[in-house]
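Enquirer: Each chain, written out:
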Amino acid sequence: GAGVSQSPSNKVTEKGKDVELRCDPISGHTALYWYRQSLGQGLEFLIYFQGNSAPDKSGLPSDRFSAERTGGSVSTLTIQRTQQEDSAVYLCASSGTTTDTQYFGPGTRLTVL
Amino acid sequence: AQSVTQPDIHITVSEGASLELRCNYSYGATPYLFWYVQSPGQGLQLLLKYFSGDTLVQGIKGFEAEFKRSQSSFNLRKPSVHWSDAAEYFCAVGFNSGYSTLTFGKGTMLLVSP
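Residue numbers (our numbering), protein chains in the order written: chain S, 19 to 131; chain R, 52 to 165.
The hints are all genuine.
The calculated DSBU-like cross-link candidates involving lysine-lysine, where the alpha carbons are at most 30 Å apart (straight line), are:
| no. | chain 1 | residue 1 | chain 2 | residue 2 |
| --- | --- | --- | --- | --- |
| 1 | S | 33 | R | 157 |
| 2 | R | 157 | S | 29 |
| 3 | S | 75 | S | 33 |
Here are some chain S residues pointing at chain R (derived, C-beta under 8 Å):
| no. | residue |
| --- | --- |
| 4 | 60 |
| 5 | 61 |
| 6 | 63 |
| 7 | 119 |
Just so you know, these hints were derived from the structure itself, not from any lab.
A virtual CB, placed ideally from N, CA and C, is assigned to each residue, including glycine.
Using the sequences and the hints given, assemble the complete structure.
Expert: Shown next, in the form of structure tokens:
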């Protein structure tokens, strides 16, 4: 079947605007993760969803960041009032169980001008 | 706190030569260990993983890695590098705290010279 997909692939926005990034996990995968990849910081965990449990938001850098997962499938990461330091590649991954391999999507490159 | 270290930011290897990329972690128990590769503009592709059992694991594209508990290491190796192996390689560790969000090393950029 299809892998993890993310949209858009690229997003350019102005400082202060809100953006939404979408992730479609592999069908049947119950766990979904968001990571951020930026120069100098490497790959950082942001948030994790597992089934119907409350998400682990411990990696979100500020309250401007939020995410939801509807129907246990598609997830949206929202960044409000974007700042230039939010510029990065946002990667989504999914896995079949909590200890299974994470498969990554191609990422969304966000540029905040 | 748990951490993952890839001490080499860049490595240049001649095509056909052998390769070893280093990865060390800091954790009190045995973690889940992964190597991913990322080509320019691409997402992360899993090369191999270690959960338990045989400490020498084979992956795709001719890569292998060996888990050494005594050294807290999980080094990636390939006996003969091809030009298409030029990419960035990430070691990642899942610490078994009930779920396994990954902690990544900073990555090692592999350059392959003719």
